[in-house]
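**Q** Read off the chains here:
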Amino acid sequence: MTLQTIADRRLHPATFVTRTIRSLPQYMLGIPAAVGFMSDSGFHALLLFAAAGLAAASFGAYLFWRRFAYGVGAQEIVIESGVLHRQRRVIPFERIQDIDIERGPLARLFGTAKVRIETGGGAKDEGNLDSVGLSEAYRLRAVLRRRDSAATAAVAEDKYAVEPGQEPLLFHMDLKRVLLAGLFNFSLVYIAVIFGSFQYLEALFGIDVMAMEWVEPARSLAAAATWGLTALAILFILLLGVTAGVLRTIARDYDFRLTRVSGGLRRRRGLFTLSEALIPFNRVQLSIIRSGAVARLFGWFRLEFQTLSADAGKAGNQVAAPFGREQEIWRVLAHVSPEDLPPEQDYIRVSKRHILRQSLRWTAWLVLPIAGASIVWPWALGLLLLLPFLIGAAALQWRHHRYCLTPVCLYVRQGFMSRRLWILPYERIQGLAVDEGPLQRRLELATLAVDTAGASALRPLQIVNLPVAQTQALADKLLDLHRKARALASMREPLRA
Amino acid sequence: MAASIIFIVISIAADALIFRGQPVPLGLFTILAVLVALLLIFVLPARRYRAWGYDVSEDELHVQNGIWVRIRTIVPFGRVQHIDVSQGPIERRYGVGVLTLHTAGTRSSAVHLPGLEMAQAERMRDEIRGKIRRDLV
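These protein sequence lines map, in sequence, to chains A and B. For the record, in the first sequence the residue sitting at position 223 is 227 according to our numbering, with numbers rising by one throughout. For the record, in the second sequence the residue sitting at position 92 is 99 according to our numbering, with numbers rising by one throughout.
FYI, nobody ran anything at the bench for these hints, they're computed from the structure. Values in this document were obtained by computation on a predicted structure and should not be read as measured data. Keep in mind that the hints are not guaranteed to be accurate.
[As the list claims (entries may be wrong)] If the Cβ cut is set under 10 Å, some of the chain B residues that face chain A in the computed set are:
id : residue
1  : Gly60
2  : Asp62
3  : Ser64
4  : Gly73
5  : Trp75
6  : Val76
7  : Ile78
8  : Thr80
9  : Val82
10 : Pro83
11 : Thr107
12 : Thr110
13 : Ala111
14 : Ser116
15 : Gln127
[Claimed, not checked] Pairs of lysine-lysine, DSSO-like flavour, derived with a Cα cap of 27 Å:
id : chain 1 : residue 1 : chain 2 : residue 2
16 : A       : Lys356    : A       : Lys488
17 : B       : Lys138    : A       : Lys481
18 : B       : Lys138    : A       : Lys118
Note that the Cβ used here is the ideal one computed from N, Cα and C, for glycine as well.
Just chain A, with the same shape it has in the complex (with noise of 0.2 Å):
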């Protein structure tokens, strides 16, 4: 069946040039620069090595171009790429978790777009056209969505009607809201990149900003400095900062609007690059409201969702709604879980002797560091008067990890500064692990880890320090919940071959 498929369309056009403008800063910045500065060959030579880099780009382009081919068969869709190393990919329909489109500026600018095919396994088995045209691209999703039994399934599973064109608006971020969110995302990222460019300037056209006349007296003075000049130092860095992040968001989550569609949910934003994807209810894992710590005491709080194709280029969960209100997000919510959250009083708070593992645990890292520090600084050691703060710390994390059994779904709570909510419906459990470090074997606690699809390895699921009889009764209990919630599921559905 594969053999037969052709690779019969070539991707648009315009994909040329788009390749060509997004290589020339390696052509025709980088290159030259770097000549440049190795040998003081003048402006002339410049130029031409430039123009040498533009054609080199072109012709890149242009080979990408030529060798790129793709085709849509009866039961799998064929990518075929490559100048040298020639590959040819096969995607099965009903590998496909969804189609994605994203229009970056020069997209938008030709009327194209780039297509990609997310499949529940990882970059390496994703599929990406870049460009094609719009209408092509459009084509393409209707075509793939209607081939894909996951999306058909979604949307005959999903009793809520919607017409083509008349999606409900759940969530909507205008200007004013984007800007406050971009408030709260603070970034220093952009200080590194200003001070790096200062070394292409200084390659490209010989300024040596060092060697400028305006550094020596600010030198000077900086020599100087009292502290408030410090402080005003500090603060043009935060001020930086903030700009960096307001900036930042602004550019990703532009007009950000979450719409209802069936079988799922569609998400819209960007400035720059325009991004639409669809998160089907069918693969949502999980559910996660968060918080930073700031955020929280001005009542904004994010919404995301673990999907199945946990895609390393976007880091794992789909952002939902990213700066909302409480209500807002509840709104969302209820679309993907049927019930209403627990009350606070329902939750059941994990041993107290969390506070103690905890604090043992921090202080055994601190130890050796304040210890070694010593050796140098002596008044390191006074750095142990930290202690009481440890313990409170332990205390606030205590308060604040709690968990919750409904019919449905298992609530956790989780951090005190940055908060997390997980909920997870029992279904949708594919593993647990009850695990006991040394500590905890000590003191009769365990870990109970809950497993899931799309789950990110660094924060996963887990109730921790649990008294150990009561990690295995939950653990048994929520195996009985999730062979339930399965069996109920697959009356619901019959199954599928």
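Add chain B to chain A, keeping to what the hints say.
**A** Frame of chain A, contents of chain B only:
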């Protein structure tokens, strides 16, 4: 075992070349290395073997292992995507195999149960296969 042999060889070499003529007694590192090797080869594997345990219940497989951190992994059969029985060269000589259950999870994407007799491993594999229900995740 291979690692400890390499370690011993390196220690002997270090002993002979570097520490000759130093106030450290000759052969100290070699003795240390031999002691560590004895520990790794004879004492630890037995401890680790005893730490492995499994239980096949009606609907799940429980696997317990670990000395320092004791981990009990529970895999419901309905969640198993596929099962492997594999043997490395040393395992083949002794007729044991490793049963591996694969799920769609992250931490339990591959759950290993080593040291089973081949016949038993294959029996367990067939038994669990019968209990897998194939449907969407």
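**Q** Run every hint past the structure and note whether it holds.
**A** Tested hints:
no. : hint                   : result
1   : Gly60                  : violated (13 Å)
2   : Asp62                  : violated (13 Å)
3   : Ser64                  : holds (9 Å)
4   : Gly73                  : holds (8 Å)
5   : Trp75                  : holds (6 Å)
6   : Val76                  : holds (5 Å)
7   : Ile78                  : holds (5 Å)
8   : Thr80                  : holds (5 Å)
9   : Val82                  : holds (5 Å)
10  : Pro83                  : holds (6 Å)
11  : Thr107                 : violated (13 Å)
12  : Thr110                 : holds (5 Å)
13  : Ala111                 : holds (4 Å)
14  : Ser116                 : holds (8 Å)
15  : Gln127                 : violated (22 Å)
16  : Lys356/A with Lys488/A : violated (32 Å)
17  : Lys138/B with Lys481/A : holds (21 Å)
18  : Lys138/B with Lys118/A : violated (42 Å)
Of the numbered hints stated above, those contradicted by the structure are hints 1, 2, 11, 15, 16, 18, listed in ascending order.
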